[in-house]
Every structure is written in structure tokens, then in C-alpha cells.
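The residues making up each chain are set out below.
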Amino acid sequence: MEVKFKVFRFNPETDEAPHYDVFTVKANASDRILDCLNKIRWEQDSSLVYRMSCSHGICGSDGVTINGSPALACQKLVKDYDYNKQVVIEPLKFFPVVKDLVVDMEPFFKRIKAATSHNVDGTVADETEREHAQTPEERSMFDDAVKCILCACCVAACPVMLKEDPDFVGPAAVLRAHRYIFDTRVADTEERMRILEKPHGIWSCKSYYQCTQVCPKRIKVTEAILKTKKKILEQLHPKQETETE
Amino acid sequence: MIYEYDVLIVGGGIAGLVTALTASENCRAAVVSKVYVTRSHSVAAQGGIAASLGNEEEDRWDWHMFDTVKGGDYLTDQDMAETLAREAPAAIIMLEHMGVPFSRNKAGKIDQRRFGGHTRNFGEAPVKRACYAADRTGRAIMDAVYDQCQAREVTVHNEVFIQKLLFASNRCCGAAGYDIANGKPLIFHAKAVVLATGGCGKIFKITSNGFASTGDGFGLALDAGVPLEDMEFVQFHPTGIYGLGILVSEAARAEGGVLRNNAGERFMECYAPTLKDLAPRDLISRAIITEIRDGRGIGGADYVHLDLREIGKDRLAQKLPEVTSFVKTYLGIDPSDAPIPVAPTCHYMMGGIPTDKNGHVLTDESGAVAQGLFAVGECACLNVHGANRLGCNSLIDLVVFGGKVGATVTAHVKETVMPKLPAQAEYDIENKIRGLLESDGSERAPVIREAMQRLMTEKCSVFRNHDALQEALTEIRSLKKRYASLAVANKTRRFNYELEEALELGNMLKTAEAMVFSALQRKESRGAHYRQDFPERNDQEWLKHTIVYTAPEGLTLRYKPVIVTRFPPKERRY
Chain Z
-15 MEVKFKVFRF NPETDEAPHY DVFTVKANAS DRILDCLNKI RWEQDSSLVY RMSCSHGICG
45 SDGVTINGSP ALACQKLVKD YDYNKQVVIE PLKFFPVVKD LVVDMEPFFK RIKAATSHNV
105 DGTVADETER EHAQTPEERS MFDDAVKCIL CACCVAACPV MLKEDPDFVG PAAVLRAHRY
165 IFDTRVADTE ERMRILEKPH GIWSCKSYYQ CTQVCPKRIK VTEAILKTKK KILEQLHPKQ
225 ETETE
Chain V
2 MIYEYDVLIV GGGIAGLVTA LTASENCRAA VVSKVYVTRS HSVAAQGGIA ASLGNEEEDR
62 WDWHMFDTVK GGDYLTDQDM AETLAREAPA AIIMLEHMGV PFSRNKAGKI DQRRFGGHTR
122 NFGEAPVKRA CYAADRTGRA IMDAVYDQCQ AREVTVHNEV FIQKLLFASN RCCGAAGYDI
182 ANGKPLIFHA KAVVLATGGC GKIFKITSNG FASTGDGFGL ALDAGVPLED MEFVQFHPTG
242 IYGLGILVSE AARAEGGVLR NNAGERFMEC YAPTLKDLAP RDLISRAIIT EIRDGRGIGG
302 ADYVHLDLRE IGKDRLAQKL PEVTSFVKTY LGIDPSDAPI PVAPTCHYMM GGIPTDKNGH
362 VLTDESGAVA QGLFAVGECA CLNVHGANRL GCNSLIDLVV FGGKVGATVT AHVKETVMPK
422 LPAQAEYDIE NKIRGLLESD GSERAPVIRE AMQRLMTEKC SVFRNHDALQ EALTEIRSLK
482 KRYASLAVAN KTRRFNYELE EALELGNMLK TAEAMVFSAL QRKESRGAHY RQDFPERNDQ
542 EWLKHTIVYT APEGLTLRYK PVIVTRFPPK ERRY
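The listed protein sequences correspond, in order, to chains Z and V. Number -7 in my numbering belongs to position 9 of the first sequence; there are no gaps in the numbering. Number 411 in my numbering belongs to position 410 of the second sequence; there are no gaps in the numbering.
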């Protein structure tokens, strides 16, 4: 069958403004959107660009906006959309466009770094010759966060980042911090929590749940952020005992 | 633009990043990567990483060594296998201390599971040796190593494509490439270069590899006059999703999955009575193709079934969540309800750039060292995987040898002064790019690439023979001729992926030619290299490594002996 794709095009070097091109692709319902983009690029217009690598949803390269919602082009199939109408492909929101569907990822990776790494030596409680003990239950505390592939779909969907506080560290970075804060082996969790409390940190999150809605790995991102907030309150700001009670 | 470092690491997968972490402790190390490093194909490793920790049952490093040697069909250099197996447990502990979230057993230790070809007591029965993080082990290791690199401020240049190794007075003194974002040449001046560019699965039509796995390191090596070793040994993983090639981890069979033919028979019982579905990959891939050729594919088609129903929903969710999820996404199949259609998929290169155990690149069969040039990971050939790599031995190879190469390169730069930079470097890169952008040739990369992928899958896969390989060689050479009149239609410099793919194709064609040429010469069957016209292993004539060189008249081959220490070659039965 034939499917029409309306694709965002922009080369900031030469174009005054973005425009859209419509391509018609012969596709099966079970084809990945990425397969269709490749057909366009290899058979119709070699100047179209987007990132891709593993093509099965583990490397996180090909986050784009499909019909208004951020998703991985390799994880969505033609049949996931109403393919009798045009399928609209745009770059991820929030990030500056470099060309067509390729966005500048530096603002994303900078945030991940800001939230997770600092000048502490290693991430573990103590140095032993064996692995640190961690029960399956303890390990399961941060299992959901380990699924993150750094695709940035959550950031591109976050109303806080898009409208309220563009300097917000963002859901992916908080999730990455959460992964260490809830890891029983990690010694410096308090310092990691303090980093999250900086301006534009975790408290900018207003729990819109858009990150959870779009996450290609189905991570309960908002829940992880809320758990982290709770832990910060309990550990860094414990409730004062009042004398009247 | 010229950058100067002590060490330049080309490629940012796990091997590259572990090397960078180690090297950056004592010298200025930088990583250049064609993709954002967190997109490297190491993240696609699923099932596990091998080490004889003995957390579940008794295990010993010499059992691991034996399995590695036998798994490699005795082409494995045994000193390398010994290093790998002895040092594996410490490497796992190092990873755990970096924060890798391994799955745990009830005692709170790293959990371990069975895997293909991992045995107790020199082949007696399966053993639990694979450490893992569900079925996203590569991703979990990558993320921890990446965070460590970030915390220690390791310099990373993302989206830079290296085109040329630079030499001065016979010493490697850096590398030249271009910035994908703007198409401008970049020069990296260094005392040492480490190639960590990964594999080349994309030369085949059906592969588990990502789009970036285009054999760039092999192209760089050949262009620099460095030979390639054991290029005929290509691993075809038995269980790629039919048609797509996406990997379904061996862990699926470790957790209880079985392969079935059209009659529902568990056919591996006939091919490997002891290990059955957990036999090594080469053997299972051949068994699947044999079933298909004998008319026992599902519905007469060219695939078999991987049946995970016995594992059950809960265990699938716990142990194989990624596999379960993408089988649902791409096939609409719930593996707890229905079997998965699978067929062999090109997965891994046992061969590559010849190195010693410290990563020095070797320029000939006598062991001459290329000064200042190192290689590590899948692109390197340490001879540790022999003719067939065991599952979980790749990730451990990256970590054990990544650490060694990092240490060696650190020592190297301490006693080396910065070599001079050849003046031509920037001009050469600009010329190469301009040559393609301004070419008025009629050929296009996607067309040639598709022809190459099809012929490699048809003629140089699980079963090979002289006639098919000879045809493949002729066709590759004619594709190489066509490549000379390649042009790119898109003339912009900014993020020109057409240009990038054209350059990658050059590396892929060189790699494919070396592979087919080596396969044609090896007149025996060993490990992953099976010749229908020479179905037996022939230790008398062929217990030796192939070294393929580029010469003015084309490719030439020489050989070097296999190192046998503890385990004399025996018949390989499972």
C-alpha cells in the first residue's frame, strides 16, 4: 500500500524558515516508521537526515515527533498510526534543529551529566574484593530506571521544559539520578539529592505525566520522580516534631 | 582544526570507553565516535557477560578457558583464552564497583545463568557462568561506564567520522576525519591511536548489528597497510527474528526456550545430545539451516520456531523483558503464548585487526608491532575467540582487554615524545570529501550496498563452497569498480548522511573482499567457517591463522601458527 509522510525540513544554514515535504512510500502495515524514512532517503531524497543506529529500540538515536508525539522511529510501525491520512514526522521538540529531524543533543547530555556525575570517587559504598551485597528486592528498587536509553523523548514531551522552565534539568536526568539514589550500593546519595535540589532541579517537576505517557521503554518516570522527591523530603528535610502533639 | 591528545581512541563502545577510563587516569585521552557514544552497538548486547565467579555452583577459570578453546574449535590462542578466563572475575567485580546493576540471586550476589557452550568440568554438563542484567546487559554496562567517563571528564568528540590514520617516520601519530555536523576536516594529533570501531555486520543483508557497524576500523587498517586476521570467521547467531535479523538472546534458551522444526520436534537433541539448545552458536546455526534445507522449516519456509512458552509470563518479564517487548512490537507475538520465527543472523566478527594481548597492532605474521597503533574490542583479533566465539565472551573481552590496552597505551605515551604531524592530513581529508561531493559519477551508494549485502548473505554465510565464494569475490570486485564512479547527489556539508554512507560503503567493500578472499582459501570446516566442499576440520594443514594483506596486485594471504598450551586439539562434540 502507499503511505504519505509529511516530513519537517530545515537547514538553518540555507533556509529562512522550515517547510514540509510530502513523500509517498510503498509500505507494509508492519514496517517500522524508520524503514519508511530510509526508503525516502535511499530512493527519493538523499538529503533528508535523521539519526538512527540499532533499529530496535535500545540505542536511543531515533527519537522524533510522530503525529505530534515523541517516539522512536524504529519502535513504531506504520499500523500504529492512521495511515490513510498523512503521517507527520517532525524533530523532537525543545531541542534546537540542526537539520531536518536531527536536533542538537548537547542540552540533553549536559543535563544528564549535571544530575549524575560529580567529583566523588566511584559510586559504591566500599571497596571489597567481591561484589557488594544487594538482594533482588533492593535491586528492584531502581530496576525501572535502568531501562532508560537516553532517547530524550521524555524531555521533548515535558510541559515544564517546553513552557514553564526551559532550564529544568528534565525527567531523564532526574531518572538517572534516581537510579543512583535508590541503589543501595551508592554511598553519596545525600549529595546526589542535594544536586537535584538546585534551582531548576527536581522541584520544577509538576507531575504532568507526559514523560511517562511517551517513554518508549514504558518507564514510570513520574513515579520515579515522586519517589525521589519523597526521599529528599524525608532525608534532607525531616519533619520537625511539634510540642503540642 | 587540530586537536592534540596523548591517546586518541576511535570508537566509543564499551571497549573504547573502558580503554579511555583507564588511560585517562594518567594521560590525556579522548574518544572520537561516529555516533553519540551512548548509541554504540555494545548497548545491544543482551544475555550476559562470562566469568567463573561460582556464585550459583562450582565453576573454575580453567573450565572457562577450556570452553573458550573448544568453542573456538581449537583455533583459539590458548594463552589469550587463559588471560581472559583468569582475569574475568576481577573484571566483573570492577564493573560492579562502577555501579553496573547486575541481576542478583537470593544471597545478594550477582546472579549467574547458563549460556551456550559454558560447561562444568571440561564439557561434562552446562554450568551457570553468565552474569547479567536482565536481557539488557550491554546497555547496563555501557551506562555505568559512560557515567564514570562523565564523572572523570573524559573528552568525547561525538559524530566525528575518522577517515585516515596518520603516520610519521613509521609511527602512528594521530588520525584525520571530519565533523559530521559541518563536513569540515578535523585532525587529531596523538602519541597513540587505539582503534575500537566494532564490527561490520552491515555488509550482510540479515544482521543483528546496527547501522553504524560498517567495518570502519578494518578499512582504516587496510588503508594503512595493516593486514587483517581470520576474516573468514564470521559468527551467525542462530536466533535472529525472521526477516529482521534482530537478536533474540541465547539467554532465551538458557532460561528454558527450545528450538522446534515444522513437526514441533526439538531438533537440537539430534545435533548436540549433551548441550542440546545450549550448544555453541556455529553448531546451532548449521542445524537450523540443515532443518530448513531438508524441508523441516516452518510451513516449508526458511525459518524455525524458538519456543519460549515453557518459561512462563512472569519469568519472561523478569529475565527477558526486552526480548518479550520487541517480539511483541515487531511480530505482534506474545512469546508466552506463541513461538517466535527465527533464523540465523550475522552477529559478530571473530577476525579483525591482529593484536597482541596488550593491544599492539601487529603488521605481519612474525609479530612486528605498528608503533603507536593499538586495537581493542570486536575490531581487534586477539585470537581469543578462535573460529567461533562463545556467548558472553565478547563483553568480558571488551572489559578485560580494554583495561589492558588502557594501561599499555598509558605506559607507551609516557616514554614517547609527540611525533610530528604530516602536513598533508587536512588537505587529504578535504580532497576525499570534495572528490565525492564533486564527482559526476553515475553510481549511488544504496544500490551498490544492497547488491553487496545480498551477495554476502547468499554466498558467504553459514554454509560456503568454492563456487559460491568465487562468484562472490568476482562480484565484490566488480562492485568495487563501480564504487570508483560513485557520486553523492546531496552536495551540502551539514549532516550529509549520503556522504557518510558513501564513505562507509568503501570500508564495507574492502572488508567484504578480505572476508570472501580468506574464506575461499581456507579449505576445511572449522567453527563458524563451514565449507560444503571440505566438510571436515583439517588440523594437519589448517590449524593456523589467516593473515590477509593488501598488495599492489590485490590481496595476498599468509599464515601464522595457533598457540596451544593446555588443551591439544580434539574432536569437538557437544
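These aren't lab readings, by the way, just hints derived from the structure by calculation. Check each hint, because a few of them may be wrong.
[As the list claims (entries may be wrong)] Under 8 Å between C-beta atoms, here's a sample of chain Z residues computed to sit facing chain V: (1) R(-7); (2) I24; (3) Q28; (4) S30; (5) S45; (6) T49; (7) V82; (8) Q118; (9) R169; (10) T173; (11) E175.
[To be verified] Derived DSS-like pairs (lysine-lysine); straight-line CA-CA distance at most 30 Å: (12) Z:K(-12) x V:K481; (13) Z:K97 x Z:K215; (14) V:K524 x Z:K(-10); (15) Z:K94 x V:K185; (16) Z:K204 x V:K107; (17) Z:K77 x Z:K23; (18) V:K165 x V:K482; (19) Z:K10 x Z:K97; (20) V:K107 x Z:K23; (21) V:K358 x V:K185; (22) V:K206 x Z:K23; (23) V:K433 x V:K492; (24) V:K433 x Z:K(-12); (25) V:K206 x Z:K10; (26) V:K314 x V:K107; (27) V:K165 x V:K206; (28) V:K314 x Z:K77; (29) Z:K97 x Z:K63; (30) V:K329 x Z:K97; (31) V:K329 x Z:K204; (32) V:K107 x Z:K10; (33) Z:K(-10) x V:K492; (34) V:K481 x Z:K23; (35) V:K314 x Z:K63; (36) V:K329 x Z:K63; (37) V:K524 x Z:K23; (38) Z:K213 x Z:K182; (39) Z:K147 x Z:K211.
Note that beta-carbon positions come from the ideal geometry of N, C-alpha and C, so glycine has one too.
Hints the structure fails to honour = 1, 2, 3, 6, 10, 11, 12, 14, 19, 20, 21, 24, 28, 29, 30, 32, 37
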